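Whenever a hint applies, use it, and build me the whole structure from the sequences.
Chains as they are written, first to last, in the numbering used here: chain P, 337 to 828; chain W, 13 to 313.
Wrong hints could be hidden among the right ones.
[Unchecked claim] Per label pair, the in silico range of CB-to-CB distance: (1) W:PHE81 / P:LYS577: 44 to 54 Å; (2) P:THR455 / W:LEU294: 48 to 58 Å; (3) P:ARG747 / W:LEU130: 43 to 53 Å; (4) P:LYS429 / W:ALA44: 34 to 44 Å; (5) P:LEU824 / W:LEU130: 23 to 33 Å; (6) P:VAL439 / W:PHE81: 38 to 48 Å; (7) W:LEU130 / P:GLU739: 56 to 66 Å; (8) P:LEU824 / W:LEU94: 22 to 32 Å; (9) W:LEU130 / P:GLU761: 54 to 64 Å.
Hints in this document: simulated from the structure, not taken from any laboratory.
Please read these numbers as outputs of a predicted model, since none were measured by experiment.
Each residue gets a CB set at the ideal place from its N, CA and C atoms; glycine is no exception.
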Amino acid sequence: MTAIPLWIHEPAHKVFYLRLGRKTDDERSLAMELSLEPSGVFRIRYGAMNSALKEILSSDHRMRSVSLSILSGMLLVALIPGLLSCQRDPNAKSLTLAVNSGVEGDALKQAALDYEAQTGVHINIAEFPYANLFEKELIDLGARSRAYDLIMLDDPWFPKFASQHLLTELTPLLQQRGLKGPDEDFVATSIALGREPYRTGSLYAMPYVGNSQLLFYRKDLFAKHNLPEPATWNDALAAAKIISELETNGAPGGGKIYGYVMRAAQGNAAVADFMPIFWAFGGEMLDANYQPAVNSAEGIAALKFMLELGKYSPPGYASFNADEVGAHLLQGTAAMSINWPAWISSFNDPAKSRVIGNMEFATLPGAKNPGQAEIGNWLLAIPRDAKNKDAAFDFLLWATSAEQMKRSAIRGNPPTRKSLFNDPELVAKFPAYPTQLRSLESSRPRPRTPHWNEIENVFGIYLSKANSGELSAEDAMNQANTEIGKILERAK
Amino acid sequence: MSEPSNSGVGYRVPGAGSDRRLAYLLVAPTVAVLVALSIYPLIHVVTLSLQVTSGGASRWSLGNFARLFSDHFFLAALGHTLVYAACALTLEFFLGLGLAVLMNNQLRGRSLFRAALLVPMMLPTVVAGVVWRLMLNPNFGAVNGTLRSWGLNTAALTWTSSPRLAMLSIVAVDVWQWTPFMFLILLAGLQAIPQEPYEAACMDGSSAWQTFRHVTLPLLKPAILVALLLRTMDLLRVFDQVFILTEGGPGFATETISLYIYRTAFRFSDFGYAAAMSFVLLIVTNIVSAFYIRVLQAREA
Numbered sequence: 337m338t339a340i341p342l343w344i345h346e347p348a349h350k351v352f353y354l355r356l357g358r359k360t361d362d363e364r365s366l367a368m369e370l371s372l373e374p375s376g377v378f379r380i381r382y383g384a385m386n387s388a389l390k391e392i393l394s395s396d397h398r399m400r401s402v403s404l405s406i407l408s409g410m411l412l413v414a415l416i417p418g419l420l421s422c423q424r425d426p427n428a429k430s431l432t433l434a435v436n437s438g439v440e441g442d443a444l445k446q447a448a449l450d451y452e453a454q455t456g457v458h459i460n461i462a463e464f465p466y467a468n469l470f471e472k473e474l475i476d477l478g479a480r481s482r483a484y485d486l487i488m489l490d491d492p493w494f495p496k497f498a499s500q501h502l503l504t505e506l507t508p509l510l511q512q513r514g515l516k517g518p519d520e521d522f523v524a525t526s527i528a529l530g531r532e533p534y535r536t537g538s539l540y541a542m543p544y545v546g547n548s549q550l551l552f553y554r555k556d557l558f559a560k561h562n563l564p565e566p567a568t569w570n571d572a573l574a575a576a577k578i579i580s581e582l583e584t585n586g587a588p589g590g591g592k593i594y595g596y597v598m599r600a601a602q603g604n605a606a607v608a609d610f611m612p613i614f615w616a617f618g619g620e621m622l623d624a625n626y627q628p629a630v631n632s633a634e635g636i637a638a639l640k641f642m643l644e645l646g647k648y649s650p651p652g653y654a655s656f657n658a659d660e661v662g663a664h665l666l667q668g669t670a671a672m673s674i675n676w677p678a679w680i681s682s683f684n685d686p687a688k689s690r691v692i693g694n695m696e697f698a699t700l701p702g703a704k705n706p707g708q709a710e711i712g713n714w715l716l717a718i719p720r721d722a723k724n725k726d727a728a729f730d731f732l733l734w735a736t737s738a739e740q741m742k743r744s745a746i747r748g749n750p751p752t753r754k755s756l757f758n759d760p761e762l763v764a765k766f767p768a769y770p771t772q773l774r775s776l777e778s779s780r781p782r783p784r785t786p787h788w789n790e791i792e793n794v795f796g797i798y799l800s801k802a803n804s805g806e807l808s809a810e811d812a813m814n815q816a817n818t819e820i821g822k823i824l825e826r827a828k
Numbered sequence: 013m014s015e016p017s018n019s020g021v022g023y024r025v026p027g028a029g030s031d032r033r034l035a036y037l038l039v040a041p042t043v044a045v046l047v048a049l050s051i052y053p054l055i056h057v058v059t060l061s062l063q064v065t066s067g068g069a070s071r072w073s074l075g076n077f078a079r080l081f082s083d084h085f086f087l088a089a090l091g092h093t094l095v096y097a098a099c100a101l102t103l104e105f106f107l108g109l110g111l112a113v114l115m116n117n118q119l120r121g122r123s124l125f126r127a128a129l130l131v132p133m134m135l136p137t138v139v140a141g142v143v144w145r146l147m148l149n150p151n152f153g154a155v156n157g158t159l160r161s162w163g164l165n166t167a168a169l170t171w172t173s174s175p176r177l178a179m180l181s182i183v184a185v186d187v188w189q190w191t192p193f194m195f196l197i198l199l200a201g202l203q204a205i206p207q208e209p210y211e212a213a214c215m216d217g218s219s220a221w222q223t224f225r226h227v228t229l230p231l232l233k234p235a236i237l238v239a240l241l242l243r244t245m246d247l248l249r250v251f252d253q254v255f256i257l258t259e260g261g262p263g264f265a266t267e268t269i270s271l272y273i274y275r276t277a278f279r280f281s282d283f284g285y286a287a288a289m290s291f292v293l294l295i296v297t298n299i300v301s302a303f304y305i306r307v308l309q310a311r312e313a
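Here you go:
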């Protein structure tokens, strides 16, 4: 496709049109419109060549066309960032959101459309896959390029953003609106995530989606073998052993049912599945002096327990991620696992599940300490250098209101408000909500440190080494402790 | 039209000046792209690698390079990359050479074989990675399923989950996907060899092995070096299939240098250290490439 860009300059409105490829009268051409409004707002719109554009592009008297070489085209591309950064009208009602591509981001996108229809505030969405969202946001906020007015944050990322002072403090914005603080209806463990320091400090983010881990188990198999719902990890181990030994041919397609299925791939997976065991056994990653303490007697005992549970997990679990764990549970080849609420709906989907109506959800078992789930909430925050803080905060408050959050919940996102977990309509649709609320209220965050990504990475490597049989529990924890120490030392 | 030139040159091509200007103009986009996408980033990487950030402030330092030598994760990742590249390159070369020699003969159904051989190379690496990840799943994967149907005990064959088999698995997938590339270049090289040396060798009563060793190999050398050079550069910076197959696991057993650089830069936001590692990878790749190019030129001289 030869591209001879054609430019038209309309001095009155400062609108430029760029045709990309083919001919003006060809519907398959792409057209791009760049407009610079008198207020200073710069917009880019593009789409297929339509009749209106065709008319503009082919009407001779309005047209000053220049045939440009590729070089000039490049020059223009080089100019675009410069034009984009020109000062916008501070009163312009337009917001840009950075969202996660997935069910959580979809709900926020839908909310943005509703908000736009109600208020006329134009909302642009920048959508990124989970793996890229963190780096995009951190680089943008760090470089102060002011691209976003509101960002979605996974809660383990929050300490990094807060410690670098990249977010806007929300309390003054609440006070301007006559509010003393965030609504009491938010679950305490969720709102605590957006404070720096944790729970006690100033508020920099509000919780939007309230996930926390649950213990998934097959109630039909537990009933068959007269097993109680696991209240402790020892109950869970005993049940895993009995099911593995007795259900050697009980899977829907024939074949063995494993008592437990672990997610122990290097990195986030292994750490997320281990933390609830580690905490229940009394382990702490960092001690009161912010020094690593994973190789405590409690920590080593917890890892030994994980390896014991791994004996009743399908072979190869040391490389399992969420997909493999989900597949085993849906195919009926595993009886128990720690998992996230997003998986709940698939168990009653006949297209995916061979265990319809048989999956039950419980809060996590305890050991020395009561059971605690890892919390995993999506937060909404406003960058410190955002252009439209007030408009962004209005939208933030609106999106996290009970009414709007209920709509997000119907779209499949667990809320962060107590009233919604008890809402009869939602509970009828999501029967696990009361259990989810108990799990969320007793949950804890991953250790709050700006270096969590690095720590999780090395901790995951050593957990994986232990689960794949390369290192003993003691060696794995001792080496992990040394490496975590190095990360903290380097950060000083 | 320009004025007649009064330089020492005795003749003038009409329009030579505008030809030259056109030449510059035509080259300019390439130069601009090269500067924007290669030269500027390279300079930027070097400056980044020489800066250490602590407490929000950056200062000039060789700290990133010093850290490389005490970082056993870096050394392990470098080791994995070299082992991976060496194993995959050797296997791909011998398999590719064997196949090329085989397909260079008049075989029945040769064109069909050739087409079939090229299929793996045409799949996007990511697709090949995902398919192999499923096939290597110890419980419902096709590989262990087939072995079980032959009556073999596959309990120990956990492929990507086993510290011992994981490296073998990723090398096998690379060999599966990229042997065709080696094959293709070597086959082109073989077909470019004229018939005469073979006829002469035949007249001298040389055996098939002697002909291969003393006629085919020396004449194929340029093609061999080009194939090895291209594959080596690709293998040293391998990222996508390893990321999909093992994510560097289990327990760092298959973490390659590119994966570690990616994590350091984009997960841990330590761009200076990542830049230092990238720079070392660039130097390693350059040394290896320079070696190949020197051998190639030595032959031509």
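Violations among the numbered hints, reported as their numbers in ascending order: Of the numbered hints, just 5 does not hold.
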